[in-house]
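J.: So you can see what is in the structure, the chains are spelled out below.
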Amino acid sequence: NAGVTQTPKFQVLKTGQSMTLQCAQDMNHNSMYWYRQDPGMGLRLIYYSASEGTTDKGEVPNGYNVSRLNKREFSLRLESAAPSQTSVYFCASSGTGTSSSYEQYFGPGTRLTVT
Amino acid sequence: QKEVEQNSGPLSVPEGAIASLNCTYSDRVSQSFFWYRQYSGKSPELIMSIYSNGDKEDGRFTAQLNKASQYVSLLIRDSQPSDSATYLCAVVPIGSGNTGKLIFGQGTTLQVKP
Chain A
1 NAGVTQTPKF QVLKTGQSMT LQCAQDMNHN SMYWYRQDPG MGLRLIYYSA
51 SEGTTDKGEV PNGYNVSRLN KREFSLRLES AAPSQTSVYF CASSGTGTSS
101 SYEQYFGPGT RLTVT
Chain B
1 QKEVEQNSGP LSVPEGAIAS LNCTYSDRVS QSFFWYRQYS GKSPELIMSI
51 YSNGDKEDGR FTAQLNKASQ YVSLLIRDSQ PSDSATYLCA VVPIGSGNTG
101 KLIFGQGTTL QVKP
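Chains as they are written, first to last, in the working numbering: chain A, 1 to 115; chain B, 1 to 114.
You can trust all of the hints, since none of them are fake.
Keeping only pairs whose Cα atoms sit at most 27 angstroms apart, straight-line, the calculated DSSO-like set for lysine-lysine is:
{"id": "1", "chain 1": "B", "residue 1": "Lys67", "chain 2": "B", "residue 2": "Lys56"}
{"id": "2", "chain 1": "A", "residue 1": "Lys71", "chain 2": "A", "residue 2": "Lys9"}
{"id": "3", "chain 1": "B", "residue 1": "Lys42", "chain 2": "A", "residue 2": "Lys14"}
{"id": "4", "chain 1": "B", "residue 1": "Lys2", "chain 2": "A", "residue 2": "Lys57"}
{"id": "5", "chain 1": "B", "residue 1": "Lys56", "chain 2": "B", "residue 2": "Lys2"}
{"id": "6", "chain 1": "A", "residue 1": "Lys57", "chain 2": "A", "residue 2": "Lys71"}
{"id": "7", "chain 1": "B", "residue 1": "Lys42", "chain 2": "B", "residue 2": "Lys2"}
{"id": "8", "chain 1": "A", "residue 1": "Lys14", "chain 2": "A", "residue 2": "Lys57"}
{"id": "9", "chain 1": "B", "residue 1": "Lys56", "chain 2": "B", "residue 2": "Lys42"}
{"id": "10", "chain 1": "A", "residue 1": "Lys57", "chain 2": "B", "residue 2": "Lys42"}
{"id": "11", "chain 1": "B", "residue 1": "Lys67", "chain 2": "B", "residue 2": "Lys2"}
{"id": "12", "chain 1": "A", "residue 1": "Lys9", "chain 2": "B", "residue 2": "Lys42"}
{"id": "13", "chain 1": "A", "residue 1": "Lys71", "chain 2": "B", "residue 2": "Lys42"}
{"id": "14", "chain 1": "B", "residue 1": "Lys42", "chain 2": "B", "residue 2": "Lys113"}
{"id": "15", "chain 1": "A", "residue 1": "Lys9", "chain 2": "A", "residue 2": "Lys57"}
Label-pair restraints from in silico Cβ distances:
{"id": "16", "chain 1": "B", "residue 1": "Glu57", "chain 2": "A", "residue 2": "Thr113", "range": "38 to 46 angstroms"}
{"id": "17", "chain 1": "A", "residue 1": "Gly40", "chain 2": "B", "residue 2": "Ser82", "range": "19 to 27 angstroms"}
{"id": "18", "chain 1": "A", "residue 1": "Val12", "chain 2": "B", "residue 2": "Asn53", "range": "47 to 55 angstroms"}
{"id": "19", "chain 1": "A", "residue 1": "Met19", "chain 2": "B", "residue 2": "Ser82", "range": "32 to 40 angstroms"}
{"id": "20", "chain 1": "B", "residue 1": "Asp78", "chain 2": "A", "residue 2": "Leu69", "range": "43 to 51 angstroms"}
{"id": "21", "chain 1": "A", "residue 1": "Met19", "chain 2": "B", "residue 2": "Tyr51", "range": "34 to 42 angstroms"}
{"id": "22", "chain 1": "B", "residue 1": "Gly54", "chain 2": "A", "residue 2": "Phe10", "range": "37 to 45 angstroms"}
{"id": "23", "chain 1": "B", "residue 1": "Leu11", "chain 2": "A", "residue 2": "Glu59", "range": "21 to 29 angstroms"}
{"id": "24", "chain 1": "A", "residue 1": "Gly3", "chain 2": "B", "residue 2": "Gly54", "range": "26 to 34 angstroms"}
{"id": "25", "chain 1": "B", "residue 1": "Ser52", "chain 2": "A", "residue 2": "Gly3", "range": "23 to 31 angstroms"}
It should be emphasised that the hints constitute simulated quantities derived from the structure, not laboratory data.
A virtual CB, placed ideally from N, CA and C, is assigned to each residue, including glycine.
Work the whole structure out from these sequences, hints included.
T.: Have a look at this one:
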C-alpha cells in the first residue's frame, strides 16, 4: 500500500497563476483533509471531505477550492496564487465509524512557493 | 484559552534520558488524543493514540492521559538522537461528529544530544 500520495512534491508559481494539488489514498478511508503548515503557525485545516460527495471549509479556506473526485482522490486548487499562499501543503485521510477512525495519515507534502 | 497548547521548546535531553512532552487541552475537546512525530522537512507520522484515562505503552513510548488535570503527555524512554523531531499533539474537537477533524497543537521540538 502506498498510503497517501501527493503530487507534485515541489512547485514554484508566479502571482496570479493557478494550479491543482493532487492527493490520493489507497486505505479505503472515507475522510480526507488538506492542511497548510507555516513556520510558527502549526497545521491549519484548509478544507476537508468527511465522505465522498461532501466538502466543507476548514480554518483557512480563502483562496482555495477543493474537489472530492471519488473516494480515493481529493484535490486542492489555487485559482490565483498569492505570495501569502507560499507554504507546505499536506493531504491526510482517516476512516470513520470507530474511535480509531480519527487517526489521520499524512501524505509527503507539497512545497509551494509563490513569487 | 487555546484548545490545545504545547510548549514549543526546544526541549533538550541527553541520549539515554527520558524525554517528557506535555500537551494541555481545553474542555471543548473530546477524549481522543494523538501524538505525531514530524522530522524536519517531512510529514507528520502518527506514533501514539490514547482514548482512555491512564497510560498506554508502545515500545519506548508511553502516552499518559489525565482527564482531571486536562493534559496528555508523551514519555520517550532511552531517548536516541533519532528521536530528535517536533512532536505534535492532536485532539478531536467536541461537536465534530463523524468529520474526523483534529485540532493540532503547535508542536514541541525535541533535541536529543549524544
